[in-house]
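Protein chains in written order, with numbering that gives the first Met the number 0: chain A, 0 to 65; chain B, 0 to 467.
No lab work stands behind these hints: they were computed from the structure. Note that the structure is a prediction, hence the values are computed from the model and not measured. Do not take every clue at face value.
[Said to hold, decoys possible] Now the in silico label distances, taken between C-beta atoms and shown as ranges:
#	chain 1	residue 1	chain 2	residue 2	range
1	B	A318	A	A44	41 to 49 Å
2	B	A396	A	A45	19 to 27 Å
3	B	G257	A	T60	33 to 41 Å
Yeah, the Cβ is synthetic: ideal placement off N, Cα and C, and Gly gets one too.
Here is what each chain is made of, one letter per residue.
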Amino acid sequence: MSTPSPSPSSQEAVQALLGIAGITVHADEEAAMVAAFAAQRTAVAALYAVPAVRYELPALTWSAIP
Amino acid sequence: MEGYLTIADAAAGLRAGDVTSRELVDAAFAAADQWEPLLGVYLQRFDVEARAAAAVADAELTSGIDRGPLHGIPLGIKDIIATLEGPTTAQSLVLDPEWTGDGDAPVVERLRRGGAVMVGKTTTCEFAIGFPDAEKPFPIPRNPWDTMTWPGGSSSGTGAGIPAGLFLGGLGSDTGGSIRIPAAYCGTTGLKATFGRVPKAGAVPLAYTLDGIGPMARSARDCALMLAVMAGPHPDDPTSSDRAVDDYVAALTGDLRGVRIGVDRLVRTGDAHPDMEGLVEDALRVLVDAGAQLVDVELPLYDELTTAQFITMTAESAAYHMPDLQSRWSDYGAGARFFVGGGALFTAPDYVQAQRIRRLGQKLVRELLTDVDFVVTPTSTWPAPTLASLDPVDPMASLRGLHTQYWNAVGNPTLSVPIGFTAEGLPMSLQISGRPFADADVLAVGDAFQRGTDWHLRAPQPALAVPA
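Chain A extracted, bound-state conformation (with noise of 0.2 Å):
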């Protein structure tokens, strides 16, 4: 059995998306976004979170015929 991997820290995780995006910010705006990182995940989970969107459709349209 593998034991989990610890939750990344703010850094290396905005560092890791942003790499995988290819951008590449500056120093003072990776240190704002990483600052801002966590309370963004906490709203994020707050969207799982609600229970009546449990078997909601999301609000996007699709169509076979572009």
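Assemble chain B onto chain A, guided by the hints.
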């Protein structure tokens, strides 16, 4: 503007022979000569083209050709929306100069066919997001009520230019509040129409599922006059709705008897300017005097829908901009790139979950709007911030008290109307929201309110010096 503050009054003056379109346009440019570059309203003026169009408008009226209430009326166009007179820059060094060389956006073409005179392209936040950036070669828009403050964004120039008399109305776009914020900060009226009510083809996109073009003017009546020309489907915008376009002007009865208005003061969401509570209560009394019944309500999923809007806006804009974000990061202004690049910090499941929250939110708001006909909230609980306080890497601190994003997340029509001034002389505002495609009803509430107030007609006197 030579005594004409509203489109409705100017239209009447044109038909009575009291004024010509050429005189209206000359007055608009005279005001621009007086206040620019102090206010930073224009990216490009169309002096020659506008005067020629005004001459045609006058000749047509003289010969009995009347294109409707916008005939001969000078309008400013936010510079993310294409016009045939000149290029669209989105106030950015990044936008491809070849973008949309096809002439007018459909909404501009409709205004032009309605006889409106386009006097120029107005300042915006870069790509309709972020803050002004002094390091980039574009004007810094200033608020005519206090030129040390920001007029709001992203439809900054249109918002600032109306109360200063540079045009009688104009176009903005609203993805998270970009019509209602400058309307609120500048003491004008602005409508975020129902999503899909106005075609957005020919506008530089910010977020595909949130963007909307809408009217900005002194009054709700003027917004109704503009929307009547702008609304309706267009084949170039698959999200534009083919629902029938209502008679927005006929709906303006001034009578709110039998109307139930839900009130959410949103005090739970944070602090407010000390004058806000009194201004809101005074405004609510005006609605009661017009016949409305007020009911306290609480907007469902307020925080979640605000988060969903933010995820959607930044993720969709990041997708649009990604190649340029990767290769031209520093060519973007600091405010725009921080917002847009921040979209990379959300995951694909986050984006989809945001769309599930939006669908649930739509249903809950629909349920709320079966009990009440409208909901009013503060547009912002704080007035315009100083330009010096805008921090591109801490944008939400600069924008505290804004309550506009919620309605973009669900798509309902929302009108911002001025409700008075703080002790410091800065405008404050309420927003009126209604059921999807009930834009006429929302405008009717705004019009009824403005029949009992004159905040929307006040004129600022900007100092004739560019602050250091």
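Tested hints:
1. B/A318 x A/A44: 41 to 49 Å: violated, 23 Å
2. B/A396 x A/A45: 19 to 27 Å: With Cβ atoms ~20 Å apart, the hint holds.
3. B/G257 x A/T60: 33 to 41 Å: holds, 36 Å
Checked against the numbered hints given earlier, the structure breaks only hint 1 and satisfies all the rest.
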